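Protein chains in written order, with my numbering: chain E, 1 to 240; chain U, 1001 to 1135.
Honestly, the hints are just simulated from the structure, not real lab data.
Computed from a predicted structure; not experimentally measured.
Some hints could be false.
[Stated by the list, open to error] To give an idea of the chain E side of the interface with chain U (calculated C-beta under 7 Å), a few residues: (1) F141; (2) V144; (3) Y148; (4) I165; (5) Q166; (6) L169; (7) G172; (8) S176; (9) A179; (10) A183; (11) L184; (12) Y213; (13) L224; (14) R228; (15) A230.
[To be verified] The list that follows gives simulated cross-link-like pairs (lysine to aspartate or glutamate, DMTMM-like), each with its CA atoms no further than 20 Å apart: (16) E/K197 <-> E/D51; (17) U/K1075 <-> U/E1103; (18) E/K217 <-> E/E159; (19) U/K1075 <-> U/D1052; (20) E/K217 <-> U/D1069; (21) E/K217 <-> U/D1073.
[As the list claims (entries may be wrong)] Label-pair restraints from in silico Cβ distances: (22) U/M1031 <-> E/T216: 13 to 23 Å; (23) U/V1008 <-> E/I38: 25 to 35 Å; (24) U/M1031 <-> E/G45: 33 to 43 Å.
A virtual CB, placed ideally from N, CA and C, is assigned to each residue, including glycine.
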Amino acid sequence: MLGPFDYVLVLLGLLAEAYVVVRLCLSENFLRYFSLNIYMLGVVGVTIGQDFALLKFGVSSPVYAYVYYYTDALLTIALFFVIMSFYQQVFHQMGVGRYVRWASVFLLSATALFSYLVVRRMPTHHLTSRFVVEMSQNLYFVGVVLTYLLWGAVVKLRETRTRLIQLVLALGIFFSSDAACYALRNLFPGLEANFLKWVPPLAGTFLPLAWAYTFTKIPEDARLETARVALPRMAAHQHS
Amino acid sequence: MIAALICVISVVLFLQFFISYSRSIIAAYRMSELSEQVREVVGIEGQEVNSDQFGRLVQLVRLCPQKGDDRTDLKVVGVYYWMMGILRSAARLLAPRVTSWAERERAGCAYFVAVALDRRIAYSRDLLAQQMSDR
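Sequences and hints are given; from them, build the entire structure.
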């Protein structure tokens, strides 16, 4: 059974997602951030679908668990396309968009295959339910790695667009917290009931809120030196 | 084994992303100069703010009417200040360079709150002037 705090988080997330899409439409930036808008609309649809499954089948039903994990995995894959759009913005002048697209397709396929191979070796678990948890952990981790590489490129190429910097960093926070959470669930299943169950909803609410904040407060032409933002060691690499 | 590796790497990268995100918010405020009035109220000399004044500045900010656009920033920077406090204490014996870096970051957080206070005072003054002119 969900508590009032869960509903507040869901509502906040939904409002922020809808706000981002409306704001980008009004500022005629819908196509510029096309993948991001599609992802936001997807999250709204999935949240409504998950809540419907929750009300109809209950939180402990296998149907709800399947709906939750599979739609979550689909959204994570949709988020990969957002990362790729950020890559394309960063590497726009270098003309390497085609390679970025191929690399992302390869990474996605490799992640799914790796998860399947790991789960196939575990005969005690039900293949599909175990597969989706394993794949979520791996997908989030691939997301962390991709975002970190993107952040490295932003620092190295001295990207100064404040909006892009904040969008990428918020994405990094989201992916890394969820990847750590899924990994901890695999390591210590007992932590789920008290602590870990809060991480995905909090991260899921943080991301649209942070993006709504960025699109509201940071103008498109705002600039920021990455050396002011990156950790001292990364900033030193930038200057070398 | 794989889960443990993913967990460690993710936590480390989470900290790095969070630190950079907080610094991106603080950096925008770093460009603003403090007014004479705020420096007098808080007792600041020059443009540098002592990190220990963070708590007092937050209390003063809470006393001012909200402009409504800095609440989220203040929360994020509050968490960052707290994290840097822990890092400073933890690194005191092992890594003095990290300690001084964490101290500079805390001072940056305090400066951020001083600028927020400055903006809120200016906002209150405008509100008061508007009310006076309405009468």
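Against the structure, the hints come out as follows:
1. F141: 5 Å, holds
2. V144: 6 Å, holds
3. Y148: 6 Å, holds
4. I165: 6 Å, holds
5. Q166: 6 Å, holds
6. L169: With a minimum Cβ separation of about 4 Å from chain U (threshold 7 Å), the hint on E/L169 holds.
7. G172: Constraint on E/G172 satisfied, holds at 3 Å.
8. S176: 4 Å, holds
9. A179: 4 Å, holds
10. A183: 4 Å, holds
11. L184: Check passed: Cβ of E/L184 comes within 6 Å of chain U, closer than 7 Å.
12. Y213: 6 Å, holds
13. L224: Cβ of E/L224 sits 6 Å from chain U, so the hint holds.
14. R228: 4 Å, holds
15. A230: With a minimum Cβ separation of about 6 Å from chain U (threshold 7 Å), the hint on E/A230 holds.
16. E/K197 <-> E/D51: With a Cα-Cα distance of about 16 Å, the restraint between E/K197 and E/D51 holds, given a limit of 20 Å.
17. U/K1075 <-> U/E1103: 19 Å, holds
18. E/K217 <-> E/E159: 19 Å, holds
19. U/K1075 <-> U/D1052: 17 Å, holds
20. E/K217 <-> U/D1069: 8 Å, holds
21. E/K217 <-> U/D1073: Roughly 11 Å between the alpha carbons, so the hint for E/K217 and U/D1073 holds.
22. U/M1031 <-> E/T216: 13 to 23 Å: With Cβ atoms ~19 Å apart, the hint holds.
23. U/V1008 <-> E/I38: 25 to 35 Å: Taking Cβ atoms as reference, U/V1008 and E/I38 lie about 33 Å apart, which means the hint holds.
24. U/M1031 <-> E/G45: 33 to 43 Å: 40 Å, holds
The structure shown violates none of the earlier numbered hints.
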